[in-house]
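A.B. asks: One letter stands for each residue in the lines below.
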Amino acid sequence: QVQLVEFGGGVVQPGTSLRLSCAASGFTFRNYAMHWVRQAPGKGLEWVAGIGYDGRNKYYADTVKGRFTISRDNSNSTLLLQMDSLRAEDTAVYYCARDVSGTAWDYWGQGTLATVSS
Amino acid sequence: EIVLTQSPATLSLSPGERATLSCRASQSVSHYLAWYQQKPGQAPRLVIYDTSNRATGISARFSGSGSVTDFTLTISSLEPEDFAIYYCQQRSNWPLTFGGGTKVEIK
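Sequences listed follow chains A and B, in order. The first sequence runs contiguously to residue 118 in this note's numbering. The second sequence runs contiguously to residue 225 in this note's numbering.
Treat the hints with care, as some may be off.
[Claimed, not checked] Taking lysine to aspartate or glutamate and the EDC-like style, the derived pairs with C-alpha atoms no more than 20 Å apart in a straight line are: (1) B:K157 with A:D84; (2) B:K157 with A:E46; (3) A:K43 with B:E223.
[As the list claims (entries may be wrong)] Which chain B residues stay away from chain A? Per the calculated CB distances, all over 10 Å, these: (4) P133; (5) G134; (6) S146; (7) L164; (8) L196; (9) F201; (10) L214; (11) K225.
Derived from the structure by calculation, the hints contain no laboratory data. Note that the coordinates shown come from a computational prediction; the quantities given were computed from them, not determined experimentally. Positions of the beta carbon are idealized from the N, C-alpha and C atoms, including for glycine.
Only chain B is shown next, with the shape it has when bound in the complex:
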């Protein structure tokens, strides 16, 4: 099973600041990595798929990068609605796995 490790666990930032979230895989996932956003009491929402492709309706302030085992989700300038938990997920191998999540909170 591929283990995804997200860091940091919590990111405390102010609106307008840049957020950089990391996801590291225990083995290569090629480019088959996605990012999901989840707010309290809501279902997850797809943000980025295949490392760097924004999902429909996702703002251009979200960008993804990386390859093989190291991936990054960047939010260029945090808006109030961006404060949430973000999960990375790989589809390179079965079983599909998620990272433990990074909570982006208001400082």
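So here's chain A without its partners, still in its complex pose:
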């Protein structure tokens, strides 16, 4: 069955970095675009970044552009999110999600919490 499992969350200070991973299994990872979506505590959903199936095309929300980098390792079925220059407002649960041919996101991970606090 399709599984997405996020890793890498934790507590970090403002201005530092964190790298999130999403391990995919149960499907042919290299055939699917993928996304990161976050949810601040008690708030709604916010799309963060997306990447095409082959890693060539990358898209970012304005709030993270220039600070976050999405990438993928198709040989290891892993989605990555490098988060630099972190701010308190980046504190959120980060979900990875599978893109179904550009229509919607049909599978989601359970999320990993990143907390940015001094």
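Chain A is already provided as a structure; the job is to place chain B on it using the hints.
C.D. replies: What follows is chain B alone, placed relative to chain A:
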């Protein structure tokens, strides 16, 4: 950026009642609108994609309609497991955006 406005913010209904949730876009999204359900402590779950297509495993009591800027998610007869927060999301333009959510709560 396309802004999605959901209404009402909270819908208080009893099991068996009909729920009608609205999502309005600040500009045309054509039919590229999806709905997600989220329960406390859980990841979102896809309910409807491209305005009116039910996702795999979603009950027929869920239906979606609309076009251009105005969209509706209807739950024909609420079951206990349907009480949750529902988000609309557009994929017409980058950046992809979500609405603020409608909480469907038990009256």
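A.B. asks: Please go over all the hints and tell whether each is borne out by the structure.
C.D. replies: Each hint tested on the structure:
Restraint check for K157 of chain B and D84 of chain A: the C-alpha separation of about 30 Å exceeds 20 Å, so the hint is violated. For the suggested pair K157 of chain B and E46 of chain A, the alpha carbons sit about 16 Å apart, so the restraint of at most 20 Å is met. At most 20 Å may separate the alpha-carbon atoms for a hinted pair to count; K43 of chain A and E223 of chain B meet this at roughly 17 Å. Every Cβ of chain A is farther than 10 Å from the Cβ of P133 of chain B; the closest lies at roughly 25 Å, confirming the non-interface assignment.
Distance check on G134 of chain B: its Cβ is at least 28 Å (rounded) from any Cβ of chain A, clearing the 10 Å threshold; non-interface status holds. At roughly 18 Å from the closest C-beta of chain A, the C-beta of S146 of chain B stays outside 10 Å, upholding its exclusion from the interface. Taking the minimum C-beta to C-beta distance to chain A, about 5 Å, the non-interface status of L164 of chain B is violated against the 10 Å cut. Every Cβ of chain A is farther than 10 Å from the Cβ of L196 of chain B; the closest lies at roughly 22 Å, confirming the non-interface assignment.
Here F201 of chain B stays apart from chain A, with its beta-carbon at least about 17 Å from theirs, past the 10 Å limit. A cut-off of 10 Å between C-beta atoms contradicts the statement that L214 of chain B is not in contact with chain A; the least separation is 4 Å. The non-interface label for K225 of chain B is consistent with chain A: the shortest C-beta to C-beta separation is roughly 23 Å, beyond 10 Å.
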